[in-house]
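Read off the chains here:
Protein chains: 4
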Amino acid sequence: MPSTWGKIFKVSTYGESHGVSVGVVVEGVPAGLPFPEEEIQKDLTRRRPGQNDLTTPRDEEDKVVVESGVFQGKTTGSPILLKVNNKNTIGSDYDEMAHIFRPSHADYTYSEKYGHRAHVGGGRSSVRETIGRVAAAGLARVILERELGIQTIAWVDSVGGIDSLISESEYPVSRDFVDQFPTRCPKKTTNDEMETLIRKLRDEGDSVGGTVKAIVKNLPPGLGDPVYDKLDADLAKALLSISACKGFEVGSGFGGTRQTGSVHNDEFYIEEKTGKVKTRTNNSGGIQGGISNGMDLVIRAAFKPTSTIKKEQKTVDDKNKETILQAKGRHDPCVLPRAIPIVEAVINLVLVDAYFYQRALQPKWFLKYANLDSIPNQ
Amino acid sequence: MPSTWGKIFKVSTYGESHGVSVGVVVEGVPAGLPFPEEEIQKDLTRRRPGQNDLTTPRDEEDKVVVESGVFQGKTTGSPILLKVNNKNTIGSDYDEMAHIFRPSHADYTYSEKYGHRAHVGGGRSSVRETIGRVAAAGLARVILERELGIQTIAWVDSVGGIDSLISESEYPVSRDFVDQFPTRCPKKTTNDEMETLIRKLRDEGDSVGGTVKAIVKNLPPGLGDPVYDKLDADLAKALLSISACKGFEVGSGFGGTRQTGSVHNDEFYIEEKTGKVKTRTNNSGGIQGGISNGMDLVIRAAFKPTSTIKKEQKTVDDKNKETILQAKGRHDPCVLPRAIPIVEAVINLVLVDAYFYQRALQPKWFLKYANLDSIPNQ
Amino acid sequence: MPSTWGKIFKVSTYGESHGVSVGVVVEGVPAGLPFPEEEIQKDLTRRRPGQNDLTTPRDEEDKVVVESGVFQGKTTGSPILLKVNNKNTIGSDYDEMAHIFRPSHADYTYSEKYGHRAHVGGGRSSVRETIGRVAAAGLARVILERELGIQTIAWVDSVGGIDSLISESEYPVSRDFVDQFPTRCPKKTTNDEMETLIRKLRDEGDSVGGTVKAIVKNLPPGLGDPVYDKLDADLAKALLSISACKGFEVGSGFGGTRQTGSVHNDEFYIEEKTGKVKTRTNNSGGIQGGISNGMDLVIRAAFKPTSTIKKEQKTVDDKNKETILQAKGRHDPCVLPRAIPIVEAVINLVLVDAYFYQRALQPKWFLKYANLDSIPNQ
Amino acid sequence: MPSTWGKIFKVSTYGESHGVSVGVVVEGVPAGLPFPEEEIQKDLTRRRPGQNDLTTPRDEEDKVVVESGVFQGKTTGSPILLKVNNKNTIGSDYDEMAHIFRPSHADYTYSEKYGHRAHVGGGRSSVRETIGRVAAAGLARVILERELGIQTIAWVDSVGGIDSLISESEYPVSRDFVDQFPTRCPKKTTNDEMETLIRKLRDEGDSVGGTVKAIVKNLPPGLGDPVYDKLDADLAKALLSISACKGFEVGSGFGGTRQTGSVHNDEFYIEEKTGKVKTRTNNSGGIQGGISNGMDLVIRAAFKPTSTIKKEQKTVDDKNKETILQAKGRHDPCVLPRAIPIVEAVINLVLVDAYFYQRALQPKWFLKYANLDSIPNQ
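If you read the sequences in order, they're chains R, A, Y and C. Number 405 marks the last residue of the first sequence (the numbering used here); no jumps. Number 405 marks the last residue of the second sequence (the numbering used here); no jumps. Number 405 marks the last residue of the third sequence (the numbering used here); no jumps. Number 405 marks the last residue of the fourth sequence (the numbering used here); no jumps.
These are calculated hints, taken from the structure and not from any lab test. Incorrect hints may have been included.
To be verified - Pairwise CB distance ranges (calculated):
id, chain 1, residue 1, chain 2, residue 2, range
1, C, Gly302, Y, Thr308, 51 to 57 angstroms
2, A, Glu64, C, Asp400, 45 to 51 angstroms
3, R, Asp203, Y, Lys114, 38 to 44 angstroms
4, C, Glu197, A, Glu88, 57 to 63 angstroms
5, R, Lys348, A, Glu88, 53 to 59 angstroms
6, R, Tyr296, A, Asp190, 31 to 37 angstroms
7, A, Leu394, Y, Glu299, 30 to 36 angstroms
8, Y, Glu294, A, Asn398, 39 to 45 angstroms
9, C, Gly176, Y, Gly302, 57 to 63 angstroms
We put the beta carbon where it would ideally sit given N, CA and C, even for glycine.
Taking the hints into account, I'd like the entire structure generated from these sequences.
Listed below in C-alpha cells is the structure:
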C-alpha cells in the first residue's frame, strides 16, 4: 500500500485504529529549524474527536510523540518520526462487522483487494490514519508561515442542504475564528441551523454530507508545476485522498463551465498601492496553468455522508450472503467539522513540497519571495 | 518541471508547440506484447484538431513515430519513445502575445515562475503536450482491454448552460458511438443545441466551458490503493492535470453532499445470474475506500471556457503596464469535444498503473481477475 | 535527508542513537502473509552489539516492536512500522566530541551540510540506523525464502592483512554455520588469527578494516533491470550505503580486469541432471547485463577501519582551530563481524524489490519460477 | 525496464542500437540557462566510436538533436529531449547471434527475463544506450562548472596487467590532456604499452579489461545525503550501471581494508592560505559519512574484458542445445578508452542531483558555496 507523499518534503505514514500507534516519518526537513512541537500538538488537538457533541464521543488525547530527527530543540535534517499512541479502542463494537460489509464503506473493497482485512475500527481506512498527515503538516505549516507568510484557512461551507453562502468579503480571517463555531461554519445563523440538523440526524442514527471551502492567503506567484504536478492537480489528489471526499473544485469550478470566456476570464491590472499584478475577479482560484498567480488560492471539496450509520441497512457478508446490518460503535454523524484541520493539512503538504521543488530549481525566485531572515543559519 | 506519471507504467512526456516534436518515453511496458501502433494512431487521430468546424482549424496530421522499444512487431520491455513531429506552426500569430499576458492563461504565471517564457503557442502549456499522454495511453488502453476487458468511455455532458441530462440507462455503449456526434455529446437534440451555441460564440470571438462525464466498464474490484493513491485521488489529479480542467467528481460528487447517509449509501446485494456482489445504486461511482468495487466507475470533470478569445480584453504586459489585448491565432471556442480522448487517456494511465502495482503485490488477485491467455509468453 | 529505499517494497527508515527509537516504515508488503516476527527478531539479534568481546561492549537488547500493518498474525497490506527503542545511551562519553571533528568520521561533513549536528552517538550516522533496514529485510528474507527458495549468506573474508582465501567449494552452507565463528569468518584457522589481531588492536586503542563476501543461492534467472537498476548497480549502492563501506565487486571484480575475454568469459553449458543452462566458471558473479543468470550471485565489499579510535589524533574543531582528540566511548575495533547481518539485509532488500517489479511486468516469469503454494490466498 | 535517474535533475533514457534513435528526456532543468548545445556535442563526440584504431571501427556521427525545452537559446524549464539518430546499422552481422547466447553477455538473461529479445546490436544492452546519459550529463556538467566550479576528470588507470601507477601529484589537469593519449591513459610510456597490448589482442580476436580512475576537483563540502543516497553509494550505482563495470572503490577502497584506523584516518588541519579545513591524506576519497568533505573526490572502477570476441567459444542456444559461437561484427577489443566520457557523465549526473537537492533544503549552504552571478535571472 503506497503511503508516501511528496517529492522533497516526503511523508510516509503508517497506522490503523487497531494498532499500537499511528504516525509518520518525515524526510526532507531542513536542518536547524526550531522544532515546533507545540504547533504540531495544536493541529493534532484541533483534529481529534470528542470536542463537542457533534462529533464521535471517543475521547482520544492524541498527544504527539517525537522519536527522531530533533536535537537540542532543532531539526537535524534527519527523518522525523511523529506519532500518537492509540488507546480507548473498543474492539467489541466491531465484532459484528467482522464478516458483514458496511454499505459504501471500504469493507468489501479491502476484502477483494487484500483478502486479509483488519475489520476492527476500519483498519487503514480509519480516519485515525490522518494523524500522521496532520502532524507532518503542522511542521509544513510553520515553515510556510515563517518563510513565505502563507496562511491556509478552511471552513465548513455547507452541510446537507444548508449553504452558508459566505462570500469573498466574508471569508474568515483566521483558523481561530473558524474554531469559535462548533460546526466550523463561521457564520452564526448557518452554524446554528447546521447544529440542529446534525443533532437530529445523530438521534435518528443517520448522517449527512457537506462541503468545505479553503483559501490560502499570501501565496506568492510561481508555485506548482505545469502538466502533471499542477498545483490544482496535486491539491485535487490531496483532497480526494481524504476518506469520504468525493469532489474537488478550484476557483469557479463546475459553476464556471456555464460561463463564456469573456465573462469568466480574470482581467489583470496593476494594484496601485503595491505595483503588483492582480486580477479583478478570481475565477481562476489563484492558479493559472497549474501555477499560483499571487491571488488567494480558493478551493472547495465535497464530503459524502458518513457511511457507517446506526439505521438498519441491507447488505451482504463475506460468505456472499445477503443480510441486514445495524452498526454499533461511535461514529460521526457528520465528518465536516473534523475534516477542516485535515483539509488544511493536506493543502500545506502540497504547498511545502511545491515550495522546496521551486527553491531547488529557481533560486532567484527564492531570493525574491522568501523571508531570508527566517531561514536557519549554517 | 516534473513530467513523469506513474509508479510502474511510467511515462515521461516532453514537448511544446514551438519545438521539433512532442512525445513521451514509456517505461514499465511488459515485453512480448504485440505493439498496437494502429490503436495508438487511432487515439492520436481522435485527439487532433481540425476534425470539424467546431474546433480550431489547425490541420495537424499527428502521425505517431516509434523510435525505440519495439522489435519485430513486439515490445522488448525497453522504454518506448512515441512522438509526433510538429508542423504548421504559425509563429507570427503569437508575436503580439510575446509581452502581453492573456487573462486566465498561463502566460503570467510562467513568467513569474521561470523568468524565461516560450510565448509561441503557449510553450509547454499548449494542448499539444497531451499528445505524449494520449500516445502512451493508447498502449495502456490495449493492455487493459486485452487483459482485463476494461472499457473507458468519455463524452461531453454539458456545454455552457446546456445539460444533456443523459441518465445511467442512456450511457453510450462505445467510443465510436460518441464520435458520431460533432460535439461528442451522444444525444442528438443536445448535440444540435450545443453546435449552435459553439458556432455563435466562435463568430463572436468568445468561448464557452462545459463538463465531461466518463465511465469505466468491467473494472474488477480491487484496483486503487488506500490513503494517498486512492483510485479516485489519482483520477482527480489526472483530470486536473489537463489544461482548463477546474473540477472533479466521482459518483454522486457535490450532489451527494446534500443527502443523508441512509439515502446515499449503496446497498449491496448478490446478483442472481452471476453470484457477484453488486450495489443497487452507484453513488460511490464504483470506488469505495479508494478501491474499485466492481461497479462502473463514474466520474465527471469541469472545463472552463477557453481563455484565449478574440474579443478585446484589458490586461497587463511584462513591463507591468496595463494594456488591451485582442488575441489572434486559431483557438478552440470550446475545448470539450477535443477533451474527450484526453480524458480517456489520463484515466487509462491511472488504471494501468494501479493494475501493475496490484499485480506486483497480490498475484492471487491477478490469477483470479486477469485473462491469462492474453499475457505474453516467456 | 532522503531515507527511502525501493520502488515497490519501499522502506523509510528513521532514527539516531540519541533519539527515542530507530525503525522503519515498510510499504509494499503483500497482504495475508503470516507475519514472521520471530525471524525478524532473529536478524536483529544477530545484528546487535555486545555478543562477544570482539565488538563494542554496549549491551542493547534490540527487541523489535510492531506498531502497525499486522492483524491476527497476518500482514494487512498496510504499512508496517518496525522499531527498536533506544536505551543505555551514555551521552557524556560524547561531550568532548560535541565541538571536535573525529578524523574520517561524518562529524565535519554533517556540520558543513546541515549546520546543526547531533554529536551524541553520531546522530543519523550511527550504526544503529541499520536497525530499521535489518528489521525490514527480515521480512524480505522470509518472502524470498518462501516464494523463491533464495538464500543469502555473507561472511568475513579478510581482516587487515589476514585473508581467509575461502574458495568456491568451501563457501559456508548457512548463516548458522557462519555464526559459529566469533569473527564470522567461517574458517577456524583464519578466525583465530583474526581474533588475535582484533584483540591486540582493541587493547592498543586502534581499529582495523576488512572485506565481506556474500553469496545468494538459488537465485532464478531474470531478476534485475538493465541500465540504471541493474542488479549489481543496486547492490553496489546498497553496500556502499552501509557506513564504512568503501568498495564493491561483483564476480571477478577488479581481479577480472587483468584477464582477456577468452579467459574471463563464462562458458554456457546444459547441466545434464536438470537440463538447465549453467556456466562452467562464474566470473560474472551470477549477473549478466544487470540481470541474474541463475548461477550463485557473488559479491565482495570493502570496509575501512573504524574511524573512532582511542589513540590520540590531530584534528580541528568547529571553531576552525587545530586540536588533539582522544575519543572516549565504546567503539568496535573492527566492524566486520557485525557488518554481516547488515550486508545480508541490504542484499535482501534489493532482491525483494527486483522480484516484485519483475512480478508486476512479467507474470509468466512469475508463474514459471515462484512457488505458488507459498503465495497468500485471497 | 526502469530507465530514470535522479530525484530532481531527472533523466529518462530510451533507445537501442537497432531503433531509430537513442536519447533522453531531462526534466528538472532550471529555466533561463543559456543552452550549451556545443558542450553537449563535445561530450557526445568524445564518446563516439571510431576515433582511432583501438576502438570499434563503426563510424557514427552522433550529432545531438534537441526537440524540446529550449527557446531563443535558453532553457524554458520544460523537459528537454536530446537524441542522436541511429545509422550505419549492419544488422546481418548479428544474424547468427539471434539464437545463440554469447558467453558473459546479456543475451541469455534478457531471454529469461523478457522472453522477447532484440538480438540486433544487443538491444537495450548496447553501449549506444549511454548516449542519452552523456547528452544529459553535458548539461549537468555545464551547470556544475558555472555554479560551483566543479571539474570532473576520468582516465584509464590500467589495462590488463599494465598499471599506470599515476600518483596523486600526477593526476591529469584536464579532460583535454587525457584526450591527447589514444588509450586515455595520460602517461606516455604506459599508454604506449597499452596500445601494443590492445592491438595484439584485437588481432587475435580477443579482448581485455582494465580500470578507470576519476576525480572531481573543487567539490564543496556538503554534497550527498546520509544513509541511502550517500554520495559514494550513488556513485557506486552510477558506475555499476555502465555495462561491463564490475567493481567500484572510493578513496583507499579495498586497499584501505588492510590498514589500521590510526594509519588510515585522514588527519584534519587548517590550510594556512585559505583558512579552510583540509585533510593531510585523502583515504576517504573526498567523502565522509556519504557527504563530500571539500577534498578531491577520488574513485576507481573495474571494467571486465569485452565479452563479444571473435575467438571461437563454447555456448548454448535458445533451444537449450550446446553449440559453438564465432562472433562477427565490430567490437571494441577494450572498452576502457571509450568508457572515460561515460564515467564522467554518470558522475556529473549524480553530482548535479545532489546539488539541487541540497539547494532545496539548505539554501544558506547555497548562498555560501554557489557562484550567484551564474544563476539565471528571473
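Going back to the hint list, which numbers does this structure go against?
The structure conflicts with no hint, since it agrees with every one listed earlier.
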